[in-house]
Amino acid sequence: MIYLDYQATTPLAPEAREAMLPWLAGPDSPGFANPHSPHRPGRQAAAAVEIAREQVAALLPAGGRVIFTSGATEALNLAILGSGRRRLAVSAIEHAAVLETARFADPQAAILPVDAAGLVDPAIVLPDGVGLVAVMQVNNEIGTIQPVERLAERARAAGALFLCDAVQGAGKLAPPEAADLIAISAHKLHGPKGIGALWVRDGVDLAPQVHGGGQEGDLRSGTLSPALCAGFGAAAQLAVQRRDDDAANVEALWEAARNALPGFTLNGSSDQRWRGNLNIRREGLDIARLMSDLRDIAFSAGSACASGSGKPSYVLRAIGLSDKEARSSIRLGFGRYSRVHEVTEACARIAAAAEAQ
Amino acid sequence: MTTAPLYLDHAATTPLLAAARAAMLAGFDRWANPSSPHAPGRAARAALEDARARVKAALGWTGEVIFTSGASEALALAITRCIKPLTTVSAVEHDAVRRWAGDARIWQVSEGTGLVGSPWPGPEGLVAVQHANNETGVIQPMERIAAQVREAGGLLLADCAQTAGKIALPEADFIAISAHKFGGPVGVGALLVRDWTLLRPTGGQERGYRPGTENLPGVLAMAAALEAGSDWMDTAVSLRAKLESGILAAGGAVVAVSAPRIPTIGAYRMPGRSAQAQLIRLDGMGIAVSAGSACSSGSLKPSHVLEAMWQEGASEVIRVSIGRETQEADIERFLAAWRDVAGA
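As you go down the protein sequences, you meet chains D and C in turn.
Residue numbers for the first sequence follow our numbering, so the first one is 1 and each next one is one higher.
Residue numbers for the second sequence follow our numbering, so the first one is 1 and each next one is one higher.
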């Protein structure tokens, strides 16, 4: 199996797995206590959570705090609904976790268009009275890197909060320094599933969306998992340490994949892009047939969440593709643990299978 | 005297079972996204659905199961997405319910037993009554309550965080469970729903009722923990009987001694010693217990649970909760320490 779906999820780093083990121990070890208990084992668990919080904070700007959540979807819900802002503006290519939540909070939410390269215009005029602007750092389907610093400044000038879904960029790119709220997910950066975080700039007030024991400064109730926090922390630390190596690997993989796939057209910008995301199309390509021909290559035709819906991708439509073009597009994602020879082999087989259709 | 760790705070959380740990580690190796259409994604999806069926079988639940990050989220999901608004909550609910209550009617409980009163308080919206209380162990008469709610045309939400995997679930329209209370991992739980029509969907995963990538390792471990069964409840009954006769003999009091209680949780008063003082002394001896719930510990506010049902010496009450691994020697050691602190 060659895994080319790094945007859907990433392999768990051995280091992250290792970091979780002490907190998954049985009754003979103290590593199971509730981190909110004041007794000794509880305090030890709380200390592990705080170490992890610092490791995760290293992925994010200074001047804010990290709130652990069950993942990016919950973090984005907390940001949007917790802000209490009623007039929203979000890019046309946001993940469903932002788009759907924004529409829930504001059925009239303004949709900020993208150009044919998949980029929001940094000089775009924001609607009057806008309270919260959400633009993602790196798109999950086409990998385009948005001008979030400039957009955040425009949002601030308009008196709005700026929310950045940094799920696909965290640990790879510098964080969006000017954002007020940043959502990230551990399993997209080689950490475990079931944990993410919302970074909240100091001074930004949010209302909790899950009530209860008042954990996380009363912003997010629910017992925290020291294991998941430790795994997330280790993955974050590793991402910081390996940022340059990972980026160099991705650059090599991108070159190899592009060369192995002549006859395919790139969807979205080539320059303003995280190059671990190769979204390409070929006229008349039958994706279902391609997938069934290549069962030992794991790739996708858009976001994992939308797969199976049968609907053409709204992201590809937003960059001006016809339904037909969108339906003949595939997404190949690679990263830290991908090797040039396997990506080259997989791409050559995709090219051959497409040619044979 | 030994100061080796003795953990008697299993209501806060309990160790991960070996079978759950093994299932979780195996789950870490199946890291594909269950929503992905490719072979590893479909294999993850199949494992997720298999775990869902196993959870239902282990719980004897014939309705639907929505996996969540824990009981707090499950309760929030039921309360915010139910087709009826939350109108009635018992006076002894966990904060995960109570803090949603707003101006909902409070179903008062009886002094001394903590059991919700017989008269139906109305109105007929979503009614939240927890199965067993996390501070006292008191089990509510769920069958009677369910009949009252049903007759009034309401819907019943039962917080079963302390009972799932230990005793049979009550009849209810919604049930919230948390894996780490029964030997599964922290960070996963579920909302059991009698029928999809009782909830408004949000879109996304879990049939459109809970968006977010599924925590497959956590779900697999939760299923394994449930399948480990609850044979140890009989042992828990006799261990607690020993504990309580020791405390009574040494001049202590048992909260809600005459009420039906889950055998894993007890609340005990040591006259003349504040709960905080007891905890500090016991912690120094290596013994982990608590005053009320873990989440509210550290705050010096009196417990709302005790306030509702047990006024006398409420500030002198601590919670002792036992788990699958608790031994008779542990109870003896705790009793010796308790007598020492009491000066009895």
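These aren't lab readings, by the way, just hints derived from the structure by calculation.
Backbone N, C-alpha and C define an ideal beta-carbon position, used for all residues, glycine too.
Misleading hints may appear alongside valid ones.
Unchecked claim - Distance windows between CB atoms, simulated: (1) 174(D) - 117(C): 53 to 63 Å; (2) 157(D) - 325(C): 53 to 63 Å; (3) 241(D) - 241(C): 50 to 60 Å; (4) 227(C) - 150(D): 46 to 56 Å; (5) 49(C) - 125(D): 19 to 29 Å; (6) 200(C) - 25(D): 34 to 44 Å; (7) 50(C) - 62(D): 29 to 39 Å; (8) 141(C) - 241(D): 49 to 59 Å; (9) 62(D) - 57(C): 44 to 54 Å; (10) 311(D) - 83(C): 26 to 36 Å; (11) 243(D) - 49(C): 46 to 56 Å; (12) 311(D) - 111(C): 42 to 52 Å; (13) 195(C) - 292(D): 30 to 40 Å; (14) 248(D) - 83(C): 25 to 35 Å.
Unchecked claim - Incomplete in silico selection of chain D near chain C, CB under 10 Å: (15) 37; (16) 92; (17) 100; (18) 117; (19) 119; (20) 158; (21) 185; (22) 209; (23) 220; (24) 224; (25) 259; (26) 260; (27) 262; (28) 265; (29) 269; (30) 272.
Structure-based check of each hint:
1. 174(D) - 117(C): 53 to 63 Å: The hinted range 53 to 63 Å holds for residue 174(D) and residue 117(C), with Cβ atoms some 60 Å apart.
2. 157(D) - 325(C): 53 to 63 Å: holds (60 Å)
3. 241(D) - 241(C): 50 to 60 Å: holds (55 Å)
4. 227(C) - 150(D): 46 to 56 Å: holds (54 Å)
5. 49(C) - 125(D): 19 to 29 Å: Violated: the Cβ-Cβ distance is about 47 Å, outside 19 to 29 Å.
6. 200(C) - 25(D): 34 to 44 Å: holds (40 Å)
7. 50(C) - 62(D): 29 to 39 Å: violated (45 Å)
8. 141(C) - 241(D): 49 to 59 Å: holds (57 Å)
9. 62(D) - 57(C): 44 to 54 Å: Given range 44 to 54 Å: holds, Cβ gap about 50 Å.
10. 311(D) - 83(C): 26 to 36 Å: For residue 311(D) and residue 83(C) the Cβ distance comes to about 27 Å; the hint holds.
11. 243(D) - 49(C): 46 to 56 Å: Violated, since residue 243(D) and residue 49(C) (Cβ atoms, about 37 Å apart) do not stay within the stated range.
12. 311(D) - 111(C): 42 to 52 Å: violated (59 Å)
13. 195(C) - 292(D): 30 to 40 Å: Holds, since residue 195(C) and residue 292(D) (Cβ atoms, about 36 Å apart) stay within the stated range.
14. 248(D) - 83(C): 25 to 35 Å: 54 Å Cβ-Cβ, so the 25 to 35 Å window is violated.
15. 37: Constraint on residue 37(D) satisfied, holds at 4 Å.
16. 92: violated (18 Å)
17. 100: holds (5 Å)
18. 117: Where the cut-off is 10 Å and the nearest Cβ of chain C is about 26 Å from residue 117(D), the hint is violated.
19. 119: violated (26 Å)
20. 158: violated (28 Å)
21. 185: Constraint on residue 185(D) satisfied, holds at 7 Å.
22. 209: It holds, given that the least Cβ distance between residue 209(D) and chain C is near 7 Å, below 10 Å.
23. 220: With a minimum Cβ separation of about 9 Å from chain C (threshold 10 Å), the hint on residue 220(D) holds.
24. 224: With a closest approach of 7 Å, the residue 224(D) hint holds.
25. 259: violated (23 Å)
26. 260: Not OK, violated: residue 260(D) not within 10 Å of chain C, min 19 Å.
27. 262: Violated, because the Cβ-Cβ distance from residue 262(D) to chain C comes to roughly 24 Å (cut-off 10 Å).
28. 265: Because about 22 Å separates residue 265(D) from the closest Cβ in chain C, which is outside the 10 Å limit, the hint is violated.
29. 269: The hint is violated - residue 269(D) has no Cβ within 10 Å of chain C, the shortest such distance being about 25 Å.
30. 272: Result: violated, 26 Å to nearest chain C Cβ.
Checked against the numbered hints given earlier, this structure breaks hints 5, 7, 11, 12, 14, 16, 18, 19, 20, 25, 26, 27, 28, 29 and 30; the rest are met.
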